[in-house]
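Line order of the protein sequences matches chains A and B. Position 30, counted from 1, in the first sequence is what the numbering used here calls 30; the numbers after and before it change by one each time, with no gaps. Just so we're on the same page, the numbering used here is the position in the second sequence counted from 1, plus 1000.
Check each hint, because a few of them may be wrong.
Said to hold, decoys possible - Calculated lysine-lysine pairs in the DSS-like style (CA-CA distance at most 27 Å, straight line):
hint, chain 1, residue 1, chain 2, residue 2
1, B, K1069, A, K50
2, A, K50, A, K85
3, A, K84, A, K50
4, A, K50, B, K1080
5, B, K1096, B, K1080
6, A, K50, B, K1096
7, A, K50, A, K5
8, B, K1093, B, K1075
9, B, K1096, B, K1075
For the record, the hints were derived by calculation from the structure and aren't laboratory data.
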Amino acid sequence: MSQIKRLVLDVLKPHEPTNVEVASAIGDIRDVDGVNLSLYEVDQQTENVKITVEGIDVDYDLVLQTIENLGGVVHSVDEIIAGKKIVEEEETLHDRG
Amino acid sequence: MSFNIEEGRYIILGSIDGLLATLGIIMGVSVVSASNAVIVSAAFGGAIALALTNGLGSYLAESTIEHGKLAITEKSLLRKLNNTYVESQSRRKIAKDAISSGGASFIGSLIPLAPWIFSVGSVAASVGLSLISLVALGIYSAYISRQSYAISVVKMVGLGTLIVIAVQLLRIGHLVQ
């Protein structure tokens, strides 16, 4: 199976643990080179965050397990880049239209 | 290690409880007996009972609240939080609060009891040590709440003085009878 280079996840999490703790925990997973966590919605009990994980060979199951252990729920996997190199999405006429 | 404001709640509650309840026991028992052994026995028994009830009471109360909070969070997340870091932190908080409450109560109880344990006991010494402890508690309370140290100390000592007066009036009432 090819290596996952980037994952972008839409996650719903409780306020505790904090976003700092969640990002640190994911960053500590082996083969993860970097994590970007951004908050885009907050309510009384929960917050929605977008988590971008990059690495040489990101283990999705480990990332999922870490997020769930911290009380989060993965709503959707918004982007995955897999293979030997990172391939960015190309804008087509359809997107520009 | 960062200071957690929440930890102050049970330390203050437990300390005041142990301190003033034990002082009350000492003042009450001293009316009917001047024996050091009797006073130490009664007050120490009270100290143990207070520590256990405060600890257990806090454990039960915090368990209820923390499980309630978890249930609300689970409802929002549409998932269970069993065996997660979140649940383990909840359990840790419950245990910590119970130990803080019971422990603070027991330590608070030892303060008015200390002169009697060392056989230099007198009601005046117990009251004096208790008031000094209340000053310390007032300073601690002000440190946590970021409010005026003077006001906090006056409140704490005022409360303690009221209780001493109330128990003293009961002692006098008993003697008059």
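Quiz prompt | Restraint check for B:K1096 with B:K1075, where alpha carbons must lie at most 27 Å apart | solution = Answer holds: B:K1096 to B:K1075 is near 26 Å, not above 27 Å.
Self-check item: Restraint status (C-alpha distance of A:K50 to A:K5 at most 27 Å)
Solution: Holds, at about 17 Å.
Practice problem: Starting from B:K1096, check that the Cα of B:K1080 is at most 27 Å away, please. | Solution: holds, 23 Å
Self-check item: A:K50 paired with A:K85 [C-alpha distance capped at 27 Å]
Solution: Holds, at about 22 Å.
Quiz item: Going straight from one Cα to the other, do A:K50 and B:K1080 come out at no more than 27 Å?
Solution: Roughly 22 Å between the alpha carbons, so the hint for A:K50 and B:K1080 holds.
Quiz item: Given the hinted pair B:K1093 and B:K1075, is their alpha-carbon gap at most 27 Å?
Solution: holds, 21 Å
Quiz item: Is A:K84 close enough to A:K50, meaning Cα to Cα at most 27 Å?
Solution: Distance ~24 Å between A:K84 and A:K50 Cα, so the pair holds.
Practice problem: Decide if the proposed pair is consistent with the structure: B:K1069 and A:K50, CA atoms, cutoff 27 Å inclusive. | Solution: Satisfied, since the Cα-Cα distance of roughly 25 Å is no more than 27 Å.
Self-check item: 27 Å limit on alpha-carbon distance, applied to hinted pair A:K50 and B:K1096
Solution: violated, 34 Å
Taken one by one, the earlier hints fail for this structure only at number 6.
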